[in-house]
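Okay, so the sequence shown: first residue is 4 according to my numbering, each after it adds one.
Calculated from the structure, these hints are not laboratory results. Accuracy of the hints is not assured; some may be wrong.
Each pair of labels, with its calculated beta carbon distance range [stated by the list, open to error]:
#1 L30 / M142: 30 to 40 Å
#2 R140 / A14: 25 to 35 Å
#3 E119 / R140: 41 to 51 Å
#4 V39 / K121: 31 to 41 Å
#5 E90 / K50: 13 to 23 Å
#6 H107 / A14: 27 to 37 Å
For each residue, glycine too, the CB sits at the ideal point set by N, CA and C.
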Amino acid sequence: MYLYYLLPGIAKGEYYDFSLDKFPQGLQEYYQTHWVRMGMDTEPKEKMVILLFILVEISTPIPCEMMAEIANQDEYEVQKVLDQWVEYLKDQKIDKETCYSIYHTSFLEFLKGKRELKKTRKLFDEVNQSIAEYFTRKMA
């Protein structure tokens, strides 16, 4: 599976800055490379962490508008982040709306293991509250 995703990236020139000895060795290193290429090791990243947490927590395809509302962010800014992450997300049309989810279950599991996305962070109490409030409003 690793090569299935790595080879198209090589063909598109995404790994032009890697020498062969620096290519990810296996799926976990490949996902760690994703993490870095997504900009998750730079500051400030709180907005990206929140958006990624929403995707991980909901774990089903959701539209940009929903993510923006839950994160209390401008939809345009959220879409810019999603556009930067296009190779790490699966997008699909649901009811004429583009919805996003993490592209593969094993990548989702990798993300759940990242310290930055641990559910015990105070920040995510607020995000989970926003998710609950969003669904409460939509069901009313």
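Hints versus structure:
1. L30 / M142: 30 to 40 Å: Holds, since L30 and M142 (Cβ atoms, about 38 Å apart) stay within the stated range.
2. R140 / A14: 25 to 35 Å: violated, 44 Å
3. E119 / R140: 41 to 51 Å: violated, 28 Å
4. V39 / K121: 31 to 41 Å: violated, 19 Å
5. E90 / K50: 13 to 23 Å: With Cβ atoms ~19 Å apart, the hint holds.
6. H107 / A14: 27 to 37 Å: Violated - the Cβ-Cβ distance for H107 and A14, about 19 Å, lies outside 27 to 37 Å.
Of the hints listed earlier, those the structure fails to meet are numbers 2, 3, 4 and 6, in rising order.
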